[in-house]
Amino acid sequence: MAGFAETVATFAADLTLDDVPDDVVDRARETLVDTIGVTLAGMSDPTVRDLAERLAEDSAAPTTPLLGTDLAADPLLAALVHGTAGVWHDFDAGNRFAGGHPAVHAVPAAISTSAGRAVSGARFLEAILAGYEVAARIGRGTTLRQGMHPHGTWATVGAAVTSALLRGLDTDGVREALNASTSLTIATSWTAAFEGATIRNVFAGAGAASGVLAAELASVGFTGERDGVATVFGGLSGVSWDEETALEGLGDRWEIGFGYTKLLASARYLHPAVDAVVDALDGRSLEPDEIEAIEVHTFDFAASMTEVDPPNPLAAKFSLPHSVAAQIVLGDGGIPAFEDDALGNPRIRDLARRVEVAEDPAMTDRTPTERPASVRIRLRDGTVLSAERSLPHGDADPVSDEALRSKFVACATRAIPEDRAHALLDALWDVTGVDDVADLW
Amino acid sequence: MTRTDSSLATLAEWVGSVDLESIPAEALTAARLVVLDTIGVALGGSEAEEVQRLAGDLGSGTGPATIIGTDRRAPAAVAALVNGTSSTWLDFDSGHVHPPGTPLLPAGHMPVHVLPAALATAERVGSSGRDLLAAFVTGYDVAARVGVSSRLRIDIHPHGTYPSVGAAAAVARLRGLDPDGIAAAMAIALGLTIVPSFENGYQGKSVRNAYAGHGARIGVLATDLVLAGVVPERDPIGTVFGSIVSPTHDPELLLEDLGTRWECTRGYLKPFPSVRYGHPAIEAAESLRDAVDAGRIDRVLVETYDLPATLDERRPTSELGAKFSLPWAVASMLVRGRAGPDEFRTLDDEAVRAVAAVVDVVEDPAMTARTPGDRPARVTVVAGDEEATDEVDRSAGGPDAPMGPDAVTTKFRSLADRVIGAEAAGTVAEQVLGLESVDDVRRLARLLASPESGARGLQGRDLGDGDDVVG
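So the sequence lines, in the order shown, correspond to chains A and B. Number 88 in the working numbering belongs to position 88 of the first sequence; there are no gaps in the numbering. Number 231 in the working numbering belongs to position 231 of the second sequence; there are no gaps in the numbering.
Worth flagging that the hints you see were computed from the coordinates, not collected in a lab. Treat the hints with care, as some may be off.
[Said to hold, decoys possible] Heads up, incomplete: computed chain B residues facing chain A, CB under 8 Å, no partners named:
(1) Arg53
(2) Val78
(3) Gln203
(4) His214
(5) Thr248
(6) Gly295
(7) Asp298
(8) Leu301
[What the hints assert, rightly or not] Derived CB-CB ranges, DEER-like:
(9) A:Leu250 - B:Val362: 41 to 47 Å
(10) B:Ala401 - A:Glu244: 36 to 42 Å
(11) B:Gly421 - A:Phe97: 57 to 63 Å
(12) A:Phe97 - B:Ser17: 47 to 53 Å
(13) B:Ser6 - A:Asp50: 50 to 56 Å
Please read all numbers here as calculations on a predicted model, not as lab measurements. For glycine and all other residues, C-beta sits at the position ideal for the given N, C-alpha and C.
Whenever a hint applies, use it, and build me the whole structure from the sequences.
Right, dumping it as structure tokens:
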């Protein structure tokens, strides 16, 4: 029987959109739209912009446009920048069952590799979908070592598949790129995220770049480890690898259909609690002074995110007290809720101290099928507003077209003018009709 | 800015403050020799078609940095990637011996990370030989320290892991970052450590040769990331090397004898282009090559300690696989009288294949018990009723029996002359052995280009064009 790499490389090389159910193509398209939107938002950050300018200047063959700028960089550096930008606001699409973010690795690899190759929108989407599926399946089969962050790990392998396909490599070439990429994945540390250290965002960028590099290496004749996925994810950065689970339903079950779209620019684990706050408020607007305390019960990992005074925007995205307080004070959980103004807002800081977080072991037992949270907002007048969520919004209940479109525009206009944002949105919305994706950027 | 962990800050402070006068002559001598050796093996490795194609794809006609052994130039990050890859290609490059009293672990190869990153950066900023040498010595030192104070998981290949932090330190120093900036660059490189599998070597898969290049590239990019404002994790040694790729880390060993024990003096230079722990057996075979008629060999027994006893593949199918095969290396020595780059490059010598097929490699537990002080091997050759045996306690080239300038120069010339010509190779050897006198590294580096390599005409397969396009 063919091994994992052979099986998924064949699947990826044979994949055509004609054979993919319409609802899956729609989901892939929406995931692409969302990923481009959050990438543009990231490109507007001063650090990312500075990095883009430095690396553009340092590119030997600046063939790849850097989104939201007039700059271009070589394909490896462009993938580094786009992947980093894509996760900068922690607003990018993920996959709960895979346990990570396949799209924000595959899409930068696709942008880099399509540059100068006259790739159609359909082929672009096909290659991204193939990379997503392979990555998400590796994620399903992998248990990462404790203390590791998923960005830049198995999703890198998906980026390698996407890039290899867009280079026109055949099944053998895709397999070698996939095998080569496994040893170029990163030994990521979760502590970086908790500290708010923005190197955490570079994990995704460096991972996407490693994927592009692996495809480059395969194309010039380098070979990769047979069964590298099992070695690396079953014993090096992962502690166990389950090939059977990873391959279950390949070609019938589409992992991208299990993905989620974020409507809050923060760690996904916190969203059930914040959504429960929104449900509990039920349209009511509260002044912080009216609130005595907010009790949050949730599953273990979310309940560990208890920093009351996060030191910077990234750390705020991993703080339940801040996320809940900002939602109540600002009435929104988008990018601004985690920027410096929000961090310095005394009303948010004050309310964050009254957010009481506790793990409910019964809720922990319900993960990962569910990610539950309950909230009780106790008002000083004795009223209690409460609600419970088993999953956050945008998961089992996909976001509406309208919500997705308005999120895209809000993100994109941080980097490009509104008319261009709308034009890009319309083009991406119908990406399978695009002749050459280079015309999009 | 005191974000980084105090140990890391101490190392960075040291990297930033060491000047050439405070480095003992012994360390400078070792450093110059290993720099020359590394350039030599990079030139040798650049002959690989894959390396020429990679340079053809990623390089261009212009750019601040030389892609060694090719006609291409590139930005520093690209040159570091390709030069790091070519310098590991032959498996002929220098590794580092762990200090006495620490467990035997695969050696870290600092030079193939630190030198490609530092050389490309020196070309970029126009450094002097003095600056390059000091950056190399300090970068080597801090990376080796992360290695010896960790216990890298045994299935993880060291290339692309802790040696990258030395590349980052050297680059940050050459680019003039202050100690906080050097610390941040080191922390960023530590945070982007990859998880390379050792198994690739045994399988002979050439992505293994890209690990060091990737690490050198990360070392270059770390300074760019710092200057852009990316914030590293506070203590990535503690997390990445104290839990993820290494289960434990000893902060005391990290800083032990900093500034008095010079890690670049604890390296070995390889006499054979193959896995280091196989060298004792190859040396034993070397002394037996005239003892028996190779055509009559019935059986060869290699007894050695535990690590090399795993190098038992009798029929390697790739260049890298042959370097991980003791039967191949021993048979080459017995049949051809040599085990140099050419012996591993082509695997179609029937006489070598025939002898390799009768080589048994076994562990002798008594030899394992003598490690790490000794690294013994015993080779017994049986031909009819003749039998000859030789035993080696430790291979040459290590800190206790270092290769001198003549031996290093001979090795360098054997690799360099055929790529850049004897005249340029002679000049390079002379200048590197007197590196402090070089005013501008850019002129030296220009000598490492090979105008005839034709990388410009080579490119990867692309867009369904499955055929080779080598012309």
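**valine 78 of chain B as chain A interface residue, shortest Cβ-Cβ below 8 Å** = Where the cut-off is 8 Å and the nearest Cβ of chain A is about 6 Å from valine 78 of chain B, the hint holds.
**Item:** Hinted contact histidine 214 of chain B with chain A - closest CB pair below 8 Å
**Value:** Status holds, d = 6 Å.
**Message:** Holds or violated: the hint that leucine 301 of chain B contacts chain A, with Cβ atoms closer than 8 Å.
**Reply:** With Cβ-Cβ at 30 Å, over 8 Å, it is violated.
**Prompt:** Under the criterion of a CB-CB separation shorter than 8 Å, is glycine 295 of chain B in contact with chain A as hinted?
**Reply:** violated (34 Å)
**Asked** Would the stated hint for threonine 248 of chain B survive a check requiring a Cβ distance to chain A of less than 8 Å?
**Response** Interface hint status for threonine 248 of chain B: violated (14 Å vs cutoff 8 Å).
**Item:** Range agreement (Cβ of phenylalanine 97 of chain A with Cβ of glycine 421 of chain B, hint 57 to 63 Å)
**Value:** holds (59 Å)
**Asked** Can the suggested window of 36 to 42 Å be confirmed for the beta-carbon pair alanine 401 of chain B and glutamate 244 of chain A?
**Response** violated (52 Å)
**Prompt:** Should the hint that phenylalanine 97 of chain A and serine 17 of chain B are 47 to 53 Å apart at their CB atoms be regarded as holding?
**Reply:** Given range 47 to 53 Å: holds, Cβ gap about 51 Å.
**Prompt:** How does the Cβ-Cβ distance of leucine 250 of chain A and valine 362 of chain B compare with 41 to 47 Å: does it lie in that range?
**Reply:** Roughly 43 Å apart at Cβ, these two residues keep to the hinted range, so it holds.
**chain A contact restraint on arginine 53 of chain B - CB to CB distance below 8 Å** = With Cβ-Cβ at 4 Å, under 8 Å, it holds.
**Prompt:** Given glutamine 203 of chain B as an interface hint, is the shortest Cβ-Cβ distance to chain A below 8 Å?
**Reply:** holds (6 Å)
**Beta-carbon spacing of serine 6 of chain B to aspartate 50 of chain A - inside the hinted bounds 50 to 56 Å or not** = Between serine 6 of chain B and aspartate 50 of chain A, where Cβ atoms are some 28 Å apart, the hint is violated.
Of the numbered hints listed earlier, those contradicted by the structure are 5, 6, 7, 8, 10 and 13.
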